[in-house]
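Student: Whenever a hint applies, use it, and build me the whole structure from the sequences.
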Amino acid sequence: MELQFDTSICADCATVDCLVKCQYMHFDLESARSERQKLNNGEDSPVLHNCATCYACEEYCKLGNHPFYQIVDLQEQKGIWPAPRPIVHQQVKMFSPKGDFVPREFAGVPVNLCLFPELQGRLTGRLFEGTSVFFSRDLFCNLVYLHFAKNSVIKERVPGVIQRLAACNVEELVCFHDECYALYASWAPAYGLEVPFRPVHLFKYLIDRLKENYSQVKKLGLKAAYQRPCSTRLTPAKEPLLDELLELIGVERVPREYDRENALCCGAILRMHGREELADDINKRNLDDMVRSGATACIFNCPFCYLTLGEMVAAKGLRPLLISDLCRLALGEKL
Amino acid sequence: MDNILQSLAAIVGEQYVSNRQEELYLYARDQGTMDPHPPDYVVLPGTVEEVREIVLLAGREGIPLVPMGGGLVLSGLTIPLRGGIVLDMKRMNKIIEVNPVSRYAVVEAGVAQGQLQSYLERHHPRLRHSIPDAPPMATVGGNVAIHGSGHLSQAYGFHSDMVNGLEVVLPSGEICHTGSCSASPYWFARSPLPDLTGLFLGWFGTTGIITKVALKLYPKKKMKDVLMFVTENPDYVPDVIYRVTETEMAEDVLVLSAPKPDWMAGFQITSVALTADSQLEMDFKRKMMRQALAGYIDDREGGFMFLAPNLKKNFLETPQRSVARYADVNKGGGFEYVGAIMPVEKFPQAYRSGVEIAGKCGTTYSFIVRIIGRAHCMMFAFAYPFNRADKEDVQRAQKALHETNAAVLDMGGIPWKAEVPAQRMIIEKMDPSARQLIGRVKAMLDPRGIMNPGNWEV
Ligand SMILES: Cc1cc2nc3c(=O)[nH]c(=O)nc-3n(C[C@H](O)[C@H](O)[C@H](O)COP(=O)(O)OP(=O)(O)OC[C@H]3O[C@@H](n4cnc5c(N)ncnc54)[C@H](O)[C@@H]3O)c2cc1C
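Top line first, the protein sequences correspond to chains L and P. So the first sequence is numbered by the working numbering: it starts at 1 and just counts up by one. So the second sequence is numbered by the working numbering: it starts at 1 and just counts up by one.
Hints should not be assumed to be uniformly reliable.
[Claimed, not checked] No more than 20 Å apart at the CA atoms, straight line, and that leaves these computed lysine to aspartate or glutamate pairs for EDC-like:
id: 1; chain 1: P; residue 1: Lys224; chain 2: L; residue 2: Glu276
id: 2; chain 1: P; residue 1: Lys360; chain 2: P; residue 2: Glu392
id: 3; chain 1: P; residue 1: Lys260; chain 2: L; residue 2: Asp100
id: 4; chain 1: L; residue 1: Lys21; chain 2: L; residue 2: Glu2
id: 5; chain 1: P; residue 1: Lys220; chain 2: P; residue 2: Glu301
id: 6; chain 1: L; residue 1: Lys284; chain 2: P; residue 2: Glu281
id: 7; chain 1: P; residue 1: Lys287; chain 2: L; residue 2: Glu277
id: 8; chain 1: L; residue 1: Lys223; chain 2: L; residue 2: Glu277
id: 9; chain 1: P; residue 1: Lys312; chain 2: L; residue 2: Glu244
id: 10; chain 1: L; residue 1: Lys223; chain 2: L; residue 2: Glu194
id: 11; chain 1: P; residue 1: Lys222; chain 2: L; residue 2: Glu276
id: 12; chain 1: L; residue 1: Lys21; chain 2: L; residue 2: Glu261
id: 13; chain 1: L; residue 1: Lys78; chain 2: P; residue 2: Glu281
id: 14; chain 1: P; residue 1: Lys285; chain 2: P; residue 2: Asp225
[What the hints assert, rightly or not] Partner residues are not named here, just some residues of chain P that face chain L (Cβ under 10 Å, in silico):
id: 15; residue: Glu232
id: 16; residue: Pro261
id: 17; residue: Met264
id: 18; residue: Gln268
id: 19; residue: Asp283
id: 20; residue: Tyr296
id: 21; residue: Arg300
id: 22; residue: Phe304
Everything labelled a hint here was simulated from the structure, so no lab data went into it. Bear in mind that the values here come from a model prediction, so they are computed numbers and not experimental data. Here a beta-carbon is modelled for each residue, glycine too, at the ideal position from N, C-alpha and C.
Tutor: Okay, structure coming up:
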């Protein structure tokens, strides 16, 4: 499985945004160009050692290349460990397929909960009526290994995941976790892997269900800060859907410094990398920014960000809410 | 009714004595691998006077007397190896006094760990005692009698080190006080007197019945957090422990390893509990801990695990219920471990030897290591859960335990709360003068050999 990366696109690139815009490394245009060249030649570069693995360069590149996937491949080729080895090995073991998934026809719309079994009870109410919510290590998207220079693990496991889902005759798969959606909508095409079903992003799913129940939607009149997850960088095209969704339920996505393209990572991965001080710093900047923005709630798309930042956000007086929970509130449901 | 039963009933009342088969059946066994043996009677005294009368009766009649608290020791130490009377202390569960200024509690020996914990939470929220991870019905008396350890042991040593003094009924029937309370109304310390308390700690009830314990209490911090440092080379662990304890900021320090769940398999997970009274203090302690281990992180040899809140919650519990859950991983309620007290530098050897023994004996295992007193030593638990209903499984665990005891002694460690066969192995290794002294002390205190016979027989 080869990454579809075209170095000639970079040669014509005037801005080298993939590096110039990076929030964790600082390059002027000239140094960015030189590091980009090294990467394209397959040479070592400080980029490979200092990358925070925030995925953002995938979004910054407007020319359709895959600068982040390239970094991950090079890190692995060169034996560079973004995180301590035991942490990487632990992650690889922890989510390995168990081989106990039996293909079956899903009774309702299949909703993949990724590997967050603790959220299972939360996918209830009108929004999730008629769905079959499932999770399994055998169906895990595995994209998390992008943070650990282990594209090889994704390459090894993902064809099996797709096969198993195809064996269930899945035609449309609702991805609760943004990262699962990114696997099918970004990573797989970037590596030339065919996906025989249509991934549906949670935002799209929620919009459709809310529209079906529109008469019961109560505008929440809430000002909320949005914690934009790293995986959104892989499929930024669905970003307008979130704005549409929030408008539908009367939630204002407060403008703030660290949203949209300038979003900051939740910090969990940086902590696993051993970069605690950087994580402390970005958590502080991010939370202070949320408070300054006047938001009374913080909404999460990614369950992992929610688990990482939920308590911190609450300690700052903002209510942490998963986007699905927010929509349930708009339907007058109790959480 | 037979005479002994009648005499016991006359002491404690009929409802607190039994020789009914179903009760003898239960008191004949524990959760470990030692063969069961029924007592002839079970009695539950309510006062020290009743204990005294029972001891006198047993002495007169030459009947073995086996004290029991929660009966959770796992290594058969409350199984009445030669029958006789099991003296179940659970009714002696009064919390007599808490001295909040000198920070100690005086409790009856049958007070359960969970009872003391909740009493302090309710009435003295700024105080706590060191809690073992045993089920909360384990008693204070039973735990100190075996040199237990718990959540404050990294800071302050074994639970027996936290005893200020005892009230004991000697096999002669005398009621004796040890520590400051022998010469003062206060139970503040064992010093500066000749230390008689040690005559009853670690003796498994062979020298007397503990009826009261004065236990040190400690300040209770408002916040708690836990960090989990992961390595995959057991050779690193002694140094990791050294660095962690050198900060003097860690509270409980454990090292965990097991083939299941997957996130533990092949790793050594050093869990470091931190407590603080403010966010500032907590952040500072976290930072110090990270700094202490930065070398490993920079070299990519070790790192801190991300703990999702639902997983972290388990590790923040006191006691940690997950230990008891794990204890029944094979189902069937069998669980026993060799808790080896040994120098921390022996970790790599102990780890490898445990993995090898489990492999050879075909058992599952888990290692739970508790650091005692700033790494002065560790309690390395080689735990082997088994299904009690499956004879072969029991035998596999028995074999693993036996081999582990031998390996531990070879390494220079000493099995803790050793079952009788392991006691024999220890005694064999012991300095002959020490062995003889144990014999002389026992003969002096218990000339008829009625106290928990079979244990510490030299
Ligand atoms: C899941 C699990 C986790 C555990 N974790 C820990 C841990 O973290 N730390 C720890 O220390 N232990 C631990 N244990 C071991 C054990 O359960 C505890 O040490 C417990 O506190 C023993 O107390 P007990 O009341 O059950 O003692 P028992 O089992 O009743 O007795 C222990 C010994 O003391 C003697 N004895 C009891 N009462 C008296 C008395 N009043 N006077 C004289 N002798 C007496 C008995 O004869 C016996 O020899 C664990 C056990 C389990 C099952």
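Student: Please go over all the hints and tell whether each is borne out by the structure.
Tutor: Outcome of the hint check:
1. Restraint check for Lys224(P) and Glu276(L): the C-alpha separation of about 19 Å stays at or below 20 Å, so the hint holds.
2. Restraint check: the Cα-Cα separation between Lys360(P) and Glu392(P) comes to about 14 Å, which is no more than 20 Å; the hinted pair holds.
3. Between Lys260(P) and Asp100(L) the CA atoms are separated by roughly 17 Å; this keeps the pair inside 20 Å, and the hint holds.
4. A threshold of 20 Å between alpha carbons decides the hint, and for Lys21(L) with Glu2(L) the separation of about 26 Å lies outside it, so the pair is violated.
5. A distance of roughly 35 Å separates the Cα atoms of Lys220(P) and Glu301(P); the hinted pair therefore is violated under the 20 Å criterion.
6. The straight-line distance between the Cα atoms of Lys284(L) and Glu281(P) is roughly 17 Å, inside the 20 Å bound, and the hint therefore holds.
7. Between Lys287(P) and Glu277(L) the alpha-carbon distance is near 9 Å, which keeps this suggested pair within the 20 Å criterion.
8. Restraint check for Lys223(L) and Glu277(L): not satisfied, since their Cα atoms lie roughly 30 Å apart, outside the 20 Å limit.
9. Restraint check for Lys312(P) and Glu244(L): the C-alpha separation of about 36 Å exceeds 20 Å, so the hint is violated.
10. Taken as a hint, the Lys223(L) and Glu194(L) pair is broken in the structure, with Cα atoms around 40 Å apart against an allowance of 20 Å.
11. Taken as a hint, the Lys222(P) and Glu276(L) pair is broken in the structure, with Cα atoms around 24 Å apart against an allowance of 20 Å.
12. Under the criterion of a C-alpha separation no larger than 20 Å, the hint pairing Lys21(L) with Glu261(L) is consistent with the structure, at around 9 Å.
13. Restraint check for Lys78(L) and Glu281(P): not satisfied, since their Cα atoms lie roughly 41 Å apart, outside the 20 Å limit.
14. Restraint check: the Cα-Cα separation between Lys285(P) and Asp225(P) comes to about 10 Å, which is no more than 20 Å; the hinted pair holds.
15. Interface hint status for Glu232(P): upheld, as the beta-carbon distance to the closest one in chain L is roughly 4 Å, under 10 Å.
16. The beta carbon of Pro261(P) comes within 8 Å of a beta carbon in chain L, closer than 10 Å, and the hint placing it at the interface holds.
17. Here the hint on Met264(P) is kept, as its CB sits about 9 Å from the closest CB of chain L, short of 10 Å.
18. A hinted interface residue such as Gln268(P) counts as satisfied when its beta carbon comes closer than 10 Å to some beta carbon of chain L; here the least separation is about 9 Å, so the hint holds.
19. The beta carbon of Asp283(P) comes within 8 Å of a beta carbon in chain L, closer than 10 Å, and the hint placing it at the interface holds.
20. Taking 10 Å as the C-beta cut-off, the interface hint given for Tyr296(P) holds, the closest approach to chain L being about 7 Å.
21. Taken as an interface hint, Arg300(P) checks out: its beta carbon lies about 5 Å from the nearest beta carbon of chain L, inside 10 Å.
22. For Phe304(P), the interface hint holds, since its Cβ comes within 10 Å of a Cβ in chain L; the closest pair sits about 6 Å apart.
Of the numbered hints given earlier, the model fails hints 4, 5, 8, 9, 10, 11, 13; all others are met.
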